[in-house]
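Undergrad: Sequence:
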Amino acid sequence: MLQPSVIFLLFAVGGSAMEFTPYRPSEQYKCGAFLQNRVEDKTLSYFYSSIDHFLSLLSNKFPHEELLNRQALMGDVNEVRLSIETKYVDWWSWQRGWLLTAGVIILVGAALPIFYLFYR
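Just so we're aligned, residue -16 is where the sequence shown starts under the working numbering, counting upward by one.
Derived by calculation from the structure, the hints in this document are not laboratory data. Since this is a predicted model, take the numbers as computed values, not measurements. For glycine and all other residues, C-beta sits at the position ideal for the given N, C-alpha and C. Check the hints yourself; a few may be wrong.
Result set (EDC-like, lysine to aspartate or glutamate): computed pairs, CA atoms no more than 20 angstroms apart in a straight line [stated by the list, open to error]:
1. 70 / 49
2. 70 / 35
3. 70 / 59
4. 44 / 23
5. 25 / 35
If you anchor each label on the Cβ, the simulated ranges turn out as follows [claimed, not checked]:
6. 102 / 44: 42 to 50 angstroms
7. 78 / 25: 29 to 37 angstroms
8. 62 / 38: 35 to 43 angstroms
9. 75 / 52: 13 to 21 angstroms
10. 103 / 70: 47 to 55 angstroms
Let the sequences and hints guide you as you build the complete structure.
TA: Structure follows, in structure tokens:
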């Protein structure tokens, strides 16, 4: 076990070896200052662009002019409910990519255990 005087000596030597940077003005810490010395990360940009591409395959732009009237856009819940009840085919077609994806996930999740039981 180290003696307290040895520990104090280690802290004193280590503390004197530390070098603190001088004061930096606050302009370097302003919002958006990191954009000036930006490093291009090709891997992350490819990763996020592939996620955006995958989501764009499944998603469609929300057709608010066709599905909702002005009162529904202003937040009237009854108008939104009426729109869903009367224009449900349009709502289904707008969500078909996500519905197909969810259906495939559910079917694969149900089929894998069944196939595994037959395999064993």
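Undergrad: A separate judgement is required for each hint: does it hold in the structure or not?
TA: Hints, one by one, checked against the model:
1. Straight-line distance between C-alpha atoms of residue 70 and residue 49 comes to about 9 angstroms, which keeps the hinted pair within the 20 angstroms bound.
2. Only pairs whose Cα atoms come within 20 angstroms are accepted, and residue 70 paired with residue 35 is rejected, the gap being roughly 29 angstroms.
3. Distance hint between residue 70 and residue 59 is fulfilled; the C-alpha atoms sit about 16 angstroms from each other, no more than 20 angstroms.
4. Between the alpha carbons of residue 44 and residue 23 the distance comes to roughly 30 angstroms, so the proposed pair goes past 20 angstroms and is violated.
5. Note on residue 25 and residue 35: the hinted pairing holds, with a Cα-Cα distance of about 15 angstroms set against a maximum of 20 angstroms.
6. For residue 102 paired with residue 44, a C-beta distance near 43 angstroms keeps the hint of 42 to 50 angstroms intact.
7. A C-beta distance of roughly 34 angstroms is found between residue 78 and residue 25, which places it inside the suggested range of 29 to 37 angstroms.
8. A C-beta distance of roughly 28 angstroms is found between residue 62 and residue 38, which places it outside the suggested range of 35 to 43 angstroms.
9. Between residue 75 and residue 52, the C-beta spacing of about 19 angstroms keeps the proposed range 13 to 21 angstroms intact.
10. The hinted range of 47 to 55 angstroms is satisfied by residue 103 and residue 70, whose Cβ atoms lie roughly 48 angstroms apart.
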